[in-house]
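Following the hints, position chain R against chain V.
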Amino acid sequence: EDQVTQSPEALRLQEGESSSLNCSYTVSGLRGLFWYRQDPGKGPEFLFTLYSAGEEKEKERLKATLTKKESFLHITAPKPEDSATYLCAVLRGASYDKVIFGPGTSLSVIP
Amino acid sequence: EPEVTQTPSHQVTQMGQEVILRCVPISNHLYFYWYRQILGQKVEFLVSFYNNEISEKSEIFDDQFSVERPDGSNFTLKIRSTKLEDSAMYFCASSDLYSEKLFFGSGTQLSVL
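Here the protein sequences come in this chain order: V and R. Per this note's numbering, residue 1 is the first one in the first sequence, and the count goes up by one each step. Per this note's numbering, residue 1001 is the first one in the second sequence, and the count goes up by one each step.
Just so you know, the hints here were simulated from the structure itself, not pulled from any lab data. No false leads were slipped in.
Pairs of lysine-lysine, DSS-like flavour, derived with a Cα cap of 27 Å: (1) LYS63/V / LYS1101/R; (2) LYS1078/R / LYS42/V; (3) LYS1101/R / LYS57/V; (4) LYS1101/R / LYS59/V; (5) LYS59/V / LYS1042/R; (6) LYS1057/R / LYS1042/R; (7) LYS79/V / LYS1042/R; (8) LYS1101/R / LYS1057/R; (9) LYS69/V / LYS1101/R; (10) LYS42/V / LYS1057/R; (11) LYS42/V / LYS1101/R; (12) LYS63/V / LYS1042/R; (13) LYS1042/R / LYS42/V; (14) LYS68/V / LYS57/V.
Chain V stretches covered by chain R per the calculated footprint, using a threshold of three residues with CB under 8 Å from any CB of chain R: (15) 39-52; (16) 98-111.
The model shown is predicted, which means the values in this text are computed figures rather than measured ones. Glycine included, every Cβ here is placed at the ideal spot set by N, Cα and C.
The following block holds chain V by itself, in its conformation from the complex (with noise of 0.2 Å):
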């Protein structure tokens, strides 16, 4: 059965404190790995797509990779307003094939 994982499931860091989130996957013909963020009480916001292992996004503090088995979301020297859920959600190559996300990470960064 195709599963996506996250762990932690609620992370705190200190303002500066660099930290990774990972994202495990179970799909049979991934076709695209997709990060997002979503702010309570808010639909998800779109981050980064990953396609291919070995492959690397990066936006601003944020710096995503994929692997055959798992991703990584990087978060280096984060801020307080970087503080959100950060979902992961995967595509299989099938067509019309629906999105599946995972259930999250819960980020908080302390000033």
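Structure of chain R alone, referenced to chain V:
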């Protein structure tokens, strides 16, 4: 920046009543979706819509649910007879490539009493 808009932001209804959730997707997008998120749980796929028909639907999307694009701008989700377990945040999304880089609205919080 273009955005997906959803109305209402909150909807309270009695069990058994019909509700219609409304969405205006981004204007040049071709693919439309409804997702839902029960409090504290994962974002779950409900249905995708392209070229005026359903492309894919989940097991959650049973006969009580329907979607429609009544004109060139609106996209609606109807729940015919609401149940307590339908209480959730419902998100509309749109994209220009199927299932890739989804743009989500801010959601409609549905409470069924």
